[in-house]
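Q: From just these sequences and the hints, can you work out the full model?
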Amino acid sequence: MLSIKEISKSFGGLTALRQISFDVKKGDIKALIGPNGAGKTTLLNIVSGIYQPDNGEVIFLGEKIVHLAPTKIARKGISRTFQHVELFGNMTVIENIMVGRHAKTKSGFFSSGFKLPFVMKEEREIQRKSEEILEYINLGHRKDEYASNLPIGEQRILEIGRALATEPRLVLLDEPAAGLNMRETRNLGEIIKKIREELKITIVLVEHDMDLVMRISDSVTVLNFGEVIADGTPLEVQKNPEVIVAYLGDEEDIPRGYNAHT
Amino acid sequence: MLILKNVDIFYGKIHAIKRVSLHVNKGEIVTLIGSNGAGKTTLLRTISGLIRSTNGSLVFDNLDISKQSPDTIVKKGISHVPEGRLVFKPLNVEDNLLLGSFNWYSFKNRSEIKNDVEMIYSIFPILKKRKKQLAGTLSGGEQQMLAIGRALMARPKLLLLDEPSMGLAPIVIKEIFKYIVELRNTFGLTVLLIEQNARSALRIAHTGYVLETGRIILQGPAEDLLLNKDVQRAYLGRDVDYEI
Amino acid sequence: MLTVFLQFLFSGLTVGAVYALVGIGFNITYNATSIINLAQGEFVVIGGLMMWFFSESLKLPFLVSVAFTIVTAGIVGLFMERLTIKPLKNPDLLLMIMITIAVSIVLRGLLMLSFGKNPYVYPSFTEGEPVSIYGAIIQQQTLWVIGITGFCIIVLFFFFKKTITGKAMLACAVNPTAAQLVGINVSKMVMVSFVLSAIVGAIGGIAITPISLMEYDKGPMLAVKGFCAAIMGGLGSNRGAVLGGFLIGILESMTAGYIHSGLKDAVALIILLLILFFKPAGIFVSKTMLQLRKF
Amino acid sequence: MKKGDSIAFFVLIFLIILLPVLSGSTYTLTVGIFSGINALVAIGLCILMGYAGQVSLGQAGFYGIGAYVSSVLSLHIGLPIVISTIFAMIVAAIAAVILSVPALRLKGHYLAVATLGFGEIIYIILNEWGPGGPSGFGDIPHFSLLGYTVDSTTGYFYLIWGLVAAVMFFSINLIHSRTGRALRAIHESELACNAMGLNVVALKIKVFILSAVYASLAGSLYAHYVTFISPSSFSLFYSILVLMMVIVGGITNLWGAIIGAVVITVLPELLRRFEELDVLVYGLILTLSLMFFKKGLVPILIEKIKKLRGFAVAKH
Chain A
1 MLSIKEISKS FGGLTALRQI SFDVKKGDIK ALIGPNGAGK TTLLNIVSGI YQPDNGEVIF
61 LGEKIVHLAP TKIARKGISR TFQHVELFGN MTVIENIMVG RHAKTKSGFF SSGFKLPFVM
121 KEEREIQRKS EEILEYINLG HRKDEYASNL PIGEQRILEI GRALATEPRL VLLDEPAAGL
181 NMRETRNLGE IIKKIREELK ITIVLVEHDM DLVMRISDSV TVLNFGEVIA DGTPLEVQKN
241 PEVIVAYLGD EEDIPRGYNA HT
Chain B
1001 MLILKNVDIF YGKIHAIKRV SLHVNKGEIV TLIGSNGAGK TTLLRTISGL IRSTNGSLVF
1061 DNLDISKQSP DTIVKKGISH VPEGRLVFKP LNVEDNLLLG SFNWYSFKNR SEIKNDVEMI
1121 YSIFPILKKR KKQLAGTLSG GEQQMLAIGR ALMARPKLLL LDEPSMGLAP IVIKEIFKYI
1181 VELRNTFGLT VLLIEQNARS ALRIAHTGYV LETGRIILQG PAEDLLLNKD VQRAYLGRDV
1241 DYEI
Chain C
2001 MLTVFLQFLF SGLTVGAVYA LVGIGFNITY NATSIINLAQ GEFVVIGGLM MWFFSESLKL
2061 PFLVSVAFTI VTAGIVGLFM ERLTIKPLKN PDLLLMIMIT IAVSIVLRGL LMLSFGKNPY
2121 VYPSFTEGEP VSIYGAIIQQ QTLWVIGITG FCIIVLFFFF KKTITGKAML ACAVNPTAAQ
2181 LVGINVSKMV MVSFVLSAIV GAIGGIAITP ISLMEYDKGP MLAVKGFCAA IMGGLGSNRG
2241 AVLGGFLIGI LESMTAGYIH SGLKDAVALI ILLLILFFKP AGIFVSKTML QLRKF
Chain D
3001 MKKGDSIAFF VLIFLIILLP VLSGSTYTLT VGIFSGINAL VAIGLCILMG YAGQVSLGQA
3061 GFYGIGAYVS SVLSLHIGLP IVISTIFAMI VAAIAAVILS VPALRLKGHY LAVATLGFGE
3121 IIYIILNEWG PGGPSGFGDI PHFSLLGYTV DSTTGYFYLI WGLVAAVMFF SINLIHSRTG
3181 RALRAIHESE LACNAMGLNV VALKIKVFIL SAVYASLAGS LYAHYVTFIS PSSFSLFYSI
3241 LVLMMVIVGG ITNLWGAIIG AVVITVLPEL LRRFEELDVL VYGLILTLSL MFFKKGLVPI
3301 LIEKIKKLRG FAVAKH
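Those protein sequences? They're chains A, B, C and D, same order as listed.
Okay, so the first sequence: first residue is 1 according to my numbering, each after it adds one.
Okay, so the second sequence: first residue is 1001 according to my numbering, each after it adds one.
Okay, so the third sequence: first residue is 2001 according to my numbering, each after it adds one.
Okay, so the fourth sequence: first residue is 3001 according to my numbering, each after it adds one.
For the record, the hints were derived by calculation from the structure and aren't laboratory data.
Keep in mind that this is a model prediction, so the values were computed, not measured.
Be careful, since some hints might not be right.
To be verified - When the alpha-carbon atoms are kept at most 27 angstroms apart in a straight line, the in silico DSS-like pairs for lysine-lysine are as follows:
#: 1; chain 1: D; residue 1: Lys3206; chain 2: A; residue 2: Lys76
#: 2; chain 1: B; residue 1: Lys1108; chain 2: C; residue 2: Lys2279
#: 3; chain 1: B; residue 1: Lys1075; chain 2: C; residue 2: Lys2162
#: 4; chain 1: A; residue 1: Lys106; chain 2: D; residue 2: Lys3002
#: 5; chain 1: A; residue 1: Lys72; chain 2: A; residue 2: Lys25
#: 6; chain 1: C; residue 1: Lys2279; chain 2: B; residue 2: Lys1132
#: 7; chain 1: A; residue 1: Lys143; chain 2: D; residue 2: Lys3307
#: 8; chain 1: D; residue 1: Lys3107; chain 2: A; residue 2: Lys115
#: 9; chain 1: B; residue 1: Lys1067; chain 2: C; residue 2: Lys2089
#: 10; chain 1: B; residue 1: Lys1131; chain 2: C; residue 2: Lys2086
#: 11; chain 1: C; residue 1: Lys2161; chain 2: B; residue 2: Lys1128
#: 12; chain 1: A; residue 1: Lys104; chain 2: A; residue 2: Lys193
#: 13; chain 1: A; residue 1: Lys239; chain 2: B; residue 2: Lys1174
#: 14; chain 1: C; residue 1: Lys2089; chain 2: D; residue 2: Lys3003
#: 15; chain 1: B; residue 1: Lys1067; chain 2: B; residue 2: Lys1131
#: 16; chain 1: B; residue 1: Lys1076; chain 2: C; residue 2: Lys2086
#: 17; chain 1: C; residue 1: Lys2279; chain 2: B; residue 2: Lys1075
#: 18; chain 1: C; residue 1: Lys2086; chain 2: D; residue 2: Lys3295
#: 19; chain 1: B; residue 1: Lys1108; chain 2: C; residue 2: Lys2161
#: 20; chain 1: D; residue 1: Lys3206; chain 2: A; residue 2: Lys121
#: 21; chain 1: D; residue 1: Lys3003; chain 2: A; residue 2: Lys143
#: 22; chain 1: A; residue 1: Lys143; chain 2: D; residue 2: Lys3304
#: 23; chain 1: A; residue 1: Lys72; chain 2: D; residue 2: Lys3107
#: 24; chain 1: C; residue 1: Lys2161; chain 2: B; residue 2: Lys1114
#: 25; chain 1: A; residue 1: Lys115; chain 2: D; residue 2: Lys3003
#: 26; chain 1: B; residue 1: Lys1114; chain 2: B; residue 2: Lys1075
A: This is how it looks when you write it as C-alpha cells:
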C-alpha cells in the first residue's frame, strides 16, 4: 500500500533521515518507534507532503507522491494527526469533523452565499455523516462543545475522527498517546484497532508508549539517528539488542530511587 | 518545607481544586498522580504563583506564599519546570540557562553563575554540545533536560516538575527519572513531581498523593500506593499485577 | 554628478537615521511583548516639541533641555503602558495594536492642544560651517543625527545581546509564563520596554527637528516609515531596522532627486514588497527564527 | 441563517425602511449613507480578518479603485454606471489576485505591512496619475439604473442600505456554509487544513477577492454619491479607520462590522461640539471602548442578551 524508498532528508547540514526504506502492507497497523530526534515525525511529514525529501520516493497505491502538495496527498487518501494536537480549538467538536468532510463535498463560494437548494442538501448530508463519525468514536455527547475544552484524551480521539471524515485509505498517527494516562491509552488503542478491523483503514503509528505499540501493531520499524535499525514483529523488535540499547533501555525498570538510597 | 492547607481554586466558575492539603518534607520526592483534568497542573501553577488560590494557605519555609508574585516565589527557592517544557525557543541553550539564574544574576556573581552553568553541563553533557544551538531546534528529550537545567540555575530548594516524561522515548524517560533521583541524592533537592507515568513516579517517590476531580482521594507512602488495588486498577495498568 | 549624488545620499542618511530609530523603537516593544506600538511616531514628535519647549520657550540650557525631554518622553511611555497595556490581561494582539493607535490619537490631540498646528524648529546643536565633501554640503546637524543614531544603536545592541536584562526582555515576549517561572518580573520588563522605546523615539525627535522641523501630526508618517524599516530588516532585529531605515531613507531621497518627488514613497514601498515576497521574514530574520516566534 | 441572524436581519430591514420616514433630516440620512458605505468595506474586512484570520491594511486601495475606475469610465467613456461599477469590481478583484498570490504567504505583521504597501501604492498612483492629481475631480454622474437616476438623499440611503442588506445576506450565508467553516479552520490551523485536503491558498485568495470586491463596490457608490473625489479619501488613514470599525464592533461577528461602521462614522459627528478637543475626546473614547469592550460591541451585547434570557428562564 505504502512504500518508502531510500528517503533522505537533511536540515542545514544535519542529516535527519538517511536512505530509509520500508513497506506498509494494506490493512496493517505499522508502528514507527525510535528515540526523540530519530526522524520519525520528519518521515511522517514527508509522507504527508509537508517536507520534500532530498532523495528517494514515496509510493502510495502504485503512485509516486513525493512531489505533491499536502492538500493533494490528503485528497489521494492519506490523512493524519499531529504530535501537538492541531484541532480547530475555537470551533465545536462537530464542526471539526465537518471540516474534515470538506474535500469530499463541493458547494462553492457563490452557491453558498446564495444558499442554493443543492447547497442545503449537501450541508444536511455533511451534518449527518459527521454525527455518524462522532458516534463511531464515542464522542457524540461532546458534539457542541468547543474542541479546546475537551480533555487531551478526547482531543486526540477527535483528531482521529476528523482524519476519518476525509475517508482515508491510510491514516498517520503522530504520538496519539502522548499525555494520556493508562485508561485513556487503552481506550485509544481500542478505537485504533476498531478502525483497522471495521473500516479496513491502514495505519502508521509513531508512538513512545510501548504497551500500546506492542498490543496493537502488526509490525514495527525502529529508527535511530535517521536510519532503520530494526524491522519486524513487535516481539522480534522488543528482543533486538540494538533496539534495547538505543531505545528501550535495559530490562531494569526505573530504579527504586528513594528506597534504594535511604 | 511546603505545606498546603485546605486550598481552593476557582477557574472562572469552575471549582478546579477543592480543599486540598498537602505536605512536602525537606529532601523528599513527592509525587502527585491522577487522571487528566484532575487539577494537578493547576495546583502546581498555584504553588509557583501563576494562579491565585481563593481560599486556604500555602506556606513554604514558614512563609506564606499565597499572595506572592511568581518572581518572588522563585527568589524564595521554588523552581517550576512547566508542562510542555516552555524553553525560550528563539534563544540559544546557554542563554536559556543564564536566564534561569535571573533572580540572583549580577555582575559580581558571574563567576559563580559560570560554575553553575558548567555544573548543569556536567549533569546533562548533551546540553554542552548544543550550547550555541537555538533551544527550539533541540529534540524533545533535550528540551526537557534544558528546562530542568534552567530551573536548577535558580538554585531552588524545591523543584516542581510537571510531566517531565511526556512525549519521550522509554530510554530517555528512564534517564530523566534517574536524574531526578540523582539531584535529590547529591544536592538534597526536594521534588514535587506530577506524572502521567504513575508507576515510575511512585517508584522513585517517597510519598504519593492521588488527585481526582480536584480532590485528594488517597495519600500515603509511595510504596503503599504502588500496592494499593484501586491505584493499580486506575493508574498502573495490568502489568503491575505480576510485577510486584 | 558625484556632488549631486552625495547630496542626495546625505539627505537620505539623515531621514533614514530617524526611520532607523523609530524602527528600533518598534523592535524594543516587540521584543518584550510582541506588540507593535503604533504610537511610536508620537514619541518622536514629543521629543522635538518638548525640546523646543524646554530650550526655546523656557530657555533652559541645552543638556538640561535634553534631559528633561527624555524624562518627559519616558514618563509618557510609562503612563501609556501602565494605563492601557497593563490593565489588560491575556490580550489579543490585534486589539493591543488598535489600542496603541487609539493612544496615538489621544497623544496627537494633546500635542495639538498644547502646541497648535504650527511647525517648530530650534537651532542646530553646534554652530559652524557646513562640511563639504566633493562639493556636497553636509550640515553639522546631519552629522549629529547620524552620530547619535549610531550611538543609540551600539548601546542598544550591547544591551540586548550582552546583558541579562536584555535577554530577559526577549524571553518575556517569547513565553511570558516561562519568563515568570525563571523569576522575571514580566510586568516590569514590559514597562521598561515602553519607557525605553519612548526614549529612543524622543532622541530621534530631538536630533532631527533642527533639520526637518516638527509639528504635532508628523507621528503617523514616521510610524509607518519606521514600521516598514523594521519589517524590511526583519521584525525584532535591530541590525535589520537600521539597515531598513537607511535603505528607505536613501531610496526616498534618490527617487525624489532623480525621478520625481511624488514617487519617493512608492519606490521604497515597492522595494519593501519585493523583499517581503522573496524573503518573507525580512532580511535579517531566518525562517527558522520566524517559526520559533509566534508572530 | 440561524435564528439570531434572522432576527437581526429583520431589525436591519425594518430600520432601513423606517429611518428616512422617522427622521427626514438630510443631515441624519447623509451620515447614514456614509455609515452604509463604510459598513460595506467593514463587512469584507470582517470576513477576511475575523473569519479567515488574514490582516489587511490595504482596503483603502480597493475602495479607491472602485471609486476611480467607476468614475472615470462613466464620466469619460460614458459607460452606464452599473456596468462601470461592475467593471471596477473586476479590476479590484484582479488587483486582489495579483497582491494575494505573493502576500498571502506572509503572516501577521508582515502581511499587514504588505497590504499597507499595496494601499499606499494605489494612493500614490491616484495622486500622480489620477485625473486632477492630488486635488481630484468632480462632475461624476449620479447613480442610475435602468434610466432611473438616484439623486435624492433618501434615494441614496435606500440604495446603499439595500446593498448593505444584500451583501450581509450573502455574507451570512457564506460564513455558515462549508466554505465559511473552512475559512475559520484556516484561521485556527493551516497545517491541519492541508492535512484535511483543503485548498488553503485558493480559499485565502477567494476571500481576499471577496473583501476587495465589497470595498470596490463601496468606493463606486461613494464616488457616485458625492460626485467629487480626491486621493485623500483613499489613504492609509481610511484603511486604519475600517480596521477600527471591525475591532470596535467585534471582529468575531459580522453584525459587528455594521455596528462598528455606524459608531465610528457617527462618533466624529457627535464630537463636533467639542471643537478643538474633538481629536482628544475621539481618541479617549476609542481607547476606553477598546479596553473595556475587549471583544467588541456586538459579541458583548449577545452575551448580555443570553444572560438575560438565562435569567428569565431560571425565573420560570
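Q: Taking the hints in turn, state whether each one holds.
A: Here is what the structure says about each hint:
1. For the proposed pair Lys3206 (chain D) and Lys76 (chain A), the alpha carbon gap of about 24 angstroms is at most 27 angstroms, so the pair holds.
2. Distance check on the hinted pair: Lys1108 (chain B) and Lys2279 (chain C) sit about 43 angstroms apart at the alpha-carbon level, beyond 27 angstroms; violated.
3. With a C-alpha separation of about 23 angstroms, the suggested pair Lys1075 (chain B) and Lys2162 (chain C) falls inside the 27 angstroms cut-off, and the hint holds.
4. With a CA separation close to 22 angstroms, the supplied pair Lys106 (chain A) and Lys3002 (chain D) stays within the 27 angstroms bound.
5. Among the hinted pairs, Lys72 (chain A) with Lys25 (chain A) is consistent with the structure: their alpha-carbon atoms are about 22 angstroms apart, no more than 27 angstroms.
6. Simply put, Lys2279 (chain C) and Lys1132 (chain B) have alpha-carbon atoms about 25 angstroms apart, close enough for the 27 angstroms limit, and the pair holds.
7. For the hint pairing Lys143 (chain A) with Lys3307 (chain D), the CA-to-CA distance comes to about 22 angstroms; that is within 27 angstroms, so the pair holds.
8. A hinted pair counts as satisfied when its Cα atoms are at most 27 angstroms apart, and Lys3107 (chain D) with Lys115 (chain A) does not qualify at roughly 32 angstroms.
9. Distance restraint check for Lys1067 (chain B) and Lys2089 (chain C): the Cα-Cα separation of roughly 18 angstroms lies within the 27 angstroms cut-off, and the hinted pair is therefore satisfied.
10. A threshold of 27 angstroms between alpha carbons decides the hint, and for Lys1131 (chain B) with Lys2086 (chain C) the separation of about 35 angstroms lies outside it, so the pair is violated.
11. For the proposed pair Lys2161 (chain C) and Lys1128 (chain B), the alpha carbon gap of about 20 angstroms is at most 27 angstroms, so the pair holds.
12. Restraint check: the Cα-Cα separation between Lys104 (chain A) and Lys193 (chain A) comes to about 25 angstroms, which is no more than 27 angstroms; the hinted pair holds.
13. In summary, the hint linking Lys239 (chain A) to Lys1174 (chain B) is supported, as the alpha carbons are separated by about 18 angstroms, within the 27 angstroms threshold.
14. The straight-line distance between the Cα atoms of Lys2089 (chain C) and Lys3003 (chain D) is roughly 33 angstroms, outside the 27 angstroms bound, and the hint therefore fails.
15. For the hint pairing Lys1067 (chain B) with Lys1131 (chain B), the CA-to-CA distance comes to about 36 angstroms; that exceeds 27 angstroms, so the pair is violated.
16. For the hint pairing Lys1076 (chain B) with Lys2086 (chain C), the CA-to-CA distance comes to about 25 angstroms; that is within 27 angstroms, so the pair holds.
17. Between the alpha carbons of Lys2279 (chain C) and Lys1075 (chain B) the distance comes to roughly 43 angstroms, so the proposed pair goes past 27 angstroms and is violated.
18. Simply put, Lys2086 (chain C) and Lys3295 (chain D) have alpha-carbon atoms about 17 angstroms apart, close enough for the 27 angstroms limit, and the pair holds.
19. Using a Cα cut-off of 27 angstroms, the hinted pair Lys1108 (chain B) and Lys2161 (chain C) holds, with the two alpha carbons roughly 19 angstroms apart.
20. Using a Cα cut-off of 27 angstroms, the hinted pair Lys3206 (chain D) and Lys121 (chain A) holds, with the two alpha carbons roughly 23 angstroms apart.
21. The hinted pair formed by Lys3003 (chain D) and Lys143 (chain A) meets the criterion: a straight-line CA distance of about 20 angstroms does not exceed 27 angstroms.
22. Between Lys143 (chain A) and Lys3304 (chain D), the direct Cα distance comes to roughly 25 angstroms. Compliance with the 27 angstroms bound is thereby established for this hinted pair.
23. Restraint check for Lys72 (chain A) and Lys3107 (chain D): the C-alpha separation of about 23 angstroms stays at or below 27 angstroms, so the hint holds.
24. Among the hinted pairs, Lys2161 (chain C) with Lys1114 (chain B) is consistent with the structure: their alpha-carbon atoms are about 17 angstroms apart, no more than 27 angstroms.
25. Using a Cα cut-off of 27 angstroms, the hinted pair Lys115 (chain A) and Lys3003 (chain D) holds, with the two alpha carbons roughly 16 angstroms apart.
26. Note on Lys1114 (chain B) and Lys1075 (chain B): the hinted pairing holds, with a Cα-Cα distance of about 19 angstroms set against a maximum of 27 angstroms.
In terms of the numbered hints stated before, the structure departs from hints 2, 8, 10, 14, 15 and 17, listed from lowest to highest.
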